[in-house]
Amino acid sequence: MTTPLVEVQAISRTYRMRSGLFGRPISVRAVDNLSFSIQKGETLGIVGESGSGKSTTGRMVLGLEPPDQGSVHFDGAPIAAPGTAAWRAQRARMQMIFQDPLGALDRRLAAAAQIREPLDIHNIGTKAERDARVHELLRSVDLNDSHGARYPGALSGGQRQRIVLARALATKPDFLVCDEPVSALDVSIQAQVVNLLIDLQARLGLTMLFISHDLRVIRQISSKVAVMYLGRIVEFGDADDLFARPQHPYTQALVSASPAPGRRSSNRIVLTGDPPNPAARPSGCAFHPRCRHATARCAVEVPQLTALDPQRQVACHLVAGASSQAQDAA
Amino acid sequence: MAPLVRISGLKVAFDGTPVLHGIDLDIGKGEAVGLVGESGSGKSVTWLAALGLLPAKAKVAGSVQLDGRELLGAPGAVLDQVRGRRIAMIFQDPASALNPVLTIRRQLCESLALHRALHGEAARIEALRLLDLVGIPDAARRLSAYPHEFSGGQVQRIMIAMALAGQPDLLIADEPTTALDATIQAQILDLLSAVRREFNMAMVLISHDLGVVAENCDRVCVMYAGRIVERAPATRLFDDPWHPYAQGLIRALPPLDGARRRLQAIPGTVPDPRTLPSGCAFAPRCHHAGDDCHAGVPPLAPSEQDRAVACLRPQRLPVELAAE
Amino acid sequence: MLRFFAIRFARALLTIALVVTFAFIVLRLSGDPALMIMGPEAPPEVIEAFRKAWGLDHPIWVQYLDYFKAIGQGELGRSMRDGRPAIQLVIERIPATLALTIPAFLVKVLLGIPAGIYAALHRGSAIDRAVMITAVAGFTVPSFVLALLLVLIFAVQLGWLPSGGQDSWRHAILPIVTLGFGGAAVLARFTRSAMLEILGQPYIRTASAKGVPWRRVITDHALPNAAIPTVTILGFMVGSLIAGAVVVESVFSWPGVGRLLVVAVANRDLAVVQCILLLVAMTMVTSNLIVDFLYGLLDPRLRSKEAAA
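Residue numbers (UniProt numbering), protein chains in the order written: chain L, 1 to 330; chain B, 1 to 324; chain P, 1 to 309.
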């Protein structure tokens with residue numbers, strides 16, 4: 001078994017906030033004891049709603065924030081502390097793209113200049129080589145030099161996101177973290193950008209971490225999927241299989257909530273209550289207040305991620321318990 | 001039977017740029033109609049214009065009739081009676097949709113006083129009933145709370161309660177769930193359906209999300225660049241879209257189950273309203289376009305099975321959808 | 001709640017201390033008080049005697065500490081010119097200044113705020129443009145230029161109003177107009193921006209969509225929200241009631257606190273200057289504290305953060 005490109009072990013991240021202007025300081029645990037690994041060339045999709053901790057996870061994997069506990073390894077070596085020279089050198093190998101392309105670009109610089117910037121920062125190639133690379137990058141995202149000459153304000157949402165992508169690919173990174181990159185785009189443009197990401201991954205051998213709340217996009221682009229709820233992974237498995245046969249009650253509700261043309265809303269699972277507040281974490285299984293099947297045990301004991309079969313892990317007392325009973329019986 | 005609302009030839013222009021080019025739409029009593037389109041399609045503008053909510057500098061022409069009475073150009077006092085009382089509208093972005101310095105009670109009771117002449121204790125009781133109806137727990141205590149003390153989903157419920165306060169005949173929901181999490185979206189859509197059935201209220205659901213519209217509406221209109229390009233019963237449209245744009249939208253949606261397939265993206269982008277092509281606005285992006293498509297704008301032509309399509313070469317083939 | 005005010009109070013004290021320190025340093029750096037007051041022709045022994053009498057021969061940091069000690073004891077020094085307690089000199093002048101600044105404040109509010117609201121409601125119209133152009137003129141033209149212009153027109157050319165002094169109520173008109181107009185211009189512009197921003201908010205559209213008549217949308221929904229930023233600038237204006245009329249008082253020879261300040265600075269009359277500065281700092285800081293408190297009243301979003309404690 002080869003070393004995974006990205007290995008995350010038991011990371012946690014807690015923020016300290018004041019509740020109100022002069023309340024007592026409280027701890028908000030955004031990410032709790034998370035572990036996963038991503039093989040080279042693979043795409044891991046992380047899906048979750050607000051408060052799930054998926055964006056924080058993305059930042060920790062990239063090294064933008066250090067985890068309070070646990071470790072992140074990239075290509076066998078630990079991620080360097082932020083701000084150090086070693087960390088800056090690692091930047092060239094891992095990049096991130098975000099949801100708001102206009103916010104990610106400097107309005108006062110032409111697009112081509114922004115694509116060049118990483119090359120200048122990391123001192124890659126001669127000046128002529130850099131210009132050539134910018135041209136090549138523009139081509140690879142289906143844009144041309146005239147787009148490069150424009151300012152972000154003169155480009156459409158989809159074009160801006162392509163510029164952001166081109167910039168991220170400038171240093172030929174091995175690893176790309178995408179945090180909701182298509183959520184702000186129209187459906188038809190979403191499809192263009194998703195196709196582009198899949199093509200680039202195949203061509204460049206990229207490894208990706210794709211974070212989104214949109215199940216369909218995650219399924220389209222990911223090989224494996226992790227479903228997060230309040231800072232923990234509640235289900236993990238192969239993308240197609242997980243969405244076709246979700247095991248965890250939360251995943252089932254998510255899949256059921258995704259509207260589908262042609263299906264009427266008769267057998268939809270509708271969860272009661274609001275998404276939980278990380279500052280007021282329920283005891284035991286964080287999902288139990290909203291779960292139809294919750295038992296007494298769920299309110300007390302935090303379920304651990306257990307393997308149902310080699311391809312799937314679920315953190316649920318009922319599902320894991322049932323499967324272990326089935327295994328005992330077999 | 002005469003429709004509840006009849007929109008004919010509705011045109012809107014901002015600063016000389018037309019954004020709506022003649023919309024014809026009927027809403028029947030108790031009917032749920034979906035309006036689907038991407039940015040720039042004019043789906044929200046249609047109803048903002050109908051209710052007179054556009055800024056004064058917008059030029060509106062055409063006709064919007066409610067029960068036979070013309071709304072466009074009606075005096076302010078008449079429109080104030082229609083808004084909230086006959087036609088209610090709720091919007092997206094619950095974060096700033098409610099006045100932050102007024103309590104929920106005041107905002108709810110404002111509607112109740114305006115449209116049902118309820119004041120004081122009678123208004124308070126009705127406000128509680130409405131909050132219960134939309135599923136706000138502990139309503140009695142929450143009445144004196146402010147909007148920022150509620151979550152996004154709860155604010156949207158309160159908006160629905162406020163919209164129902166006037167007991168309207170038609171509810172326009174403009175992207176009501178776009179800013180909400182998926183599981184909350186399901187709750188709100190569920191609530192809207194329940195409310196609709198209970199009060200036999202008509203609803204217009206505006207969204208960019210085909211799935212949302214498909215599941216919750218009887219009829220769907222697809223809009224592109226300020227025109228309606230296809231109109232069909234919901235069940236038919238998604239199995240068998242005729243307009244190439246509608247087909248493109250459906251093919252661009254990644255399937256949740258079944259075989260993975262490469263998404264067929266519609267090439268190009270939505271045209272800028274200032275530089276619309278002559279002829280069919282979608283023709284530059286359409287695989288099937290011919291010379292006649294560039295020559296003139298195809299009219300929305302009614303067809304059988306209660307459908308209409310604005311296309312000279314409608315593609316009446318079944319689309320491969322992922323098995324549902 | 002206590003902590004909230006304790007912090008703000010401590011900050012206020014620090015601000016006052018910094019202001020007075022600054023005045024202390026600058027005044028001493030810019031010239032020798034003894035020379036200024038006794039005159040450059042005075043013999044050296046006289047100047048030395050003066051210095052000794054006023055403690056000016058001590059090292060600077062000793063003077064500084066002495067000064068703060070004195071303030072703590074309520075002893076704010078005496079005017080070097082005529083020996084009377086500085087605080088008395090200042091207090092004598094306050095009524096004269098308030099006779100200008102309070103009516104001027106009313107002018108600012110009653111003229112500026114309605115103009116700003118009207119301009120916002122009729123954005124792009126001829127009246128909006130007229131109001132805005134007048135407003136820009138109002139706050140870019142320096143007050144002394146405006147004052148002199150008014151004097152030129154109304155006192156010199158037309159002879160309707162007197163050009164200086166404090167003898168009758170008619171003498172107050174030009175100074176009040178000068179003060180009021182500049183402030184009204186600022187308020188108008190500010191109120192207009194605040195209103196425009198609020199009118200663009202989604203909740204205004206919600207209120208309209210509910211069927212609330214437009215007039216009520218303005219009064220019940222827009223104005224209460226516009227009050228919040230407006231209170232900030234009004235607080236600033238209230239804070240400058242005491243010494244905001246320095247230039248105007250000088251141009252019109254109006255015997256108020258501002259005029260006293262100008263004269264005292266020219267003469268390096270340290271005690272008086274420091275006393276006035278202290279007073280101004282205190283009024284500003286107090287009015288800011290009141291504004292902070294008002295925010296809590298006007299904006300429930302801030303209030304419930306406090307309640308969560």
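It is worth saying that the hints were derived from the structure and are not from the lab.
A quick note: this is a predicted structure, and the numbers were derived from the prediction, not measured.
Backbone N, C-alpha and C define an ideal beta-carbon position, used for all residues, glycine too.
Please note that a few of the clues may not be correct.
Stated by the list, open to error - Rough simulated footprint, nothing fancy, chain L against chain B, three-plus residues with beta-carbon under 8 Å:
#1 185-191
#2 208-220
#3 263-276
As the list claims (entries may be wrong) - Derived Cβ-Cβ restraints for the label pairs, each shown as a range:
#4 Arg316/B with Ala77/L: 57 to 63 Å
#5 Leu289/P with Asp106/L: 39 to 45 Å
#6 Ala244/L with Ile125/B: 46 to 52 Å
#7 Leu297/P with Arg107/L: 35 to 41 Å
#8 His288/B with Ala149/L: 30 to 36 Å
#9 Gly28/B with Leu64/L: 39 to 45 Å
Do the hints match the structure? See the list:
no.	hint	result
1	185-191	holds (count 5)
2	208-220	holds (count 8)
3	263-276	holds (count 7)
4	Arg316/B with Ala77/L: 57 to 63 Å	holds, 59 Å
5	Leu289/P with Asp106/L: 39 to 45 Å	holds, 40 Å
6	Ala244/L with Ile125/B: 46 to 52 Å	holds, 49 Å
7	Leu297/P with Arg107/L: 35 to 41 Å	holds, 39 Å
8	His288/B with Ala149/L: 30 to 36 Å	holds, 34 Å
9	Gly28/B with Leu64/L: 39 to 45 Å	violated, 54 Å
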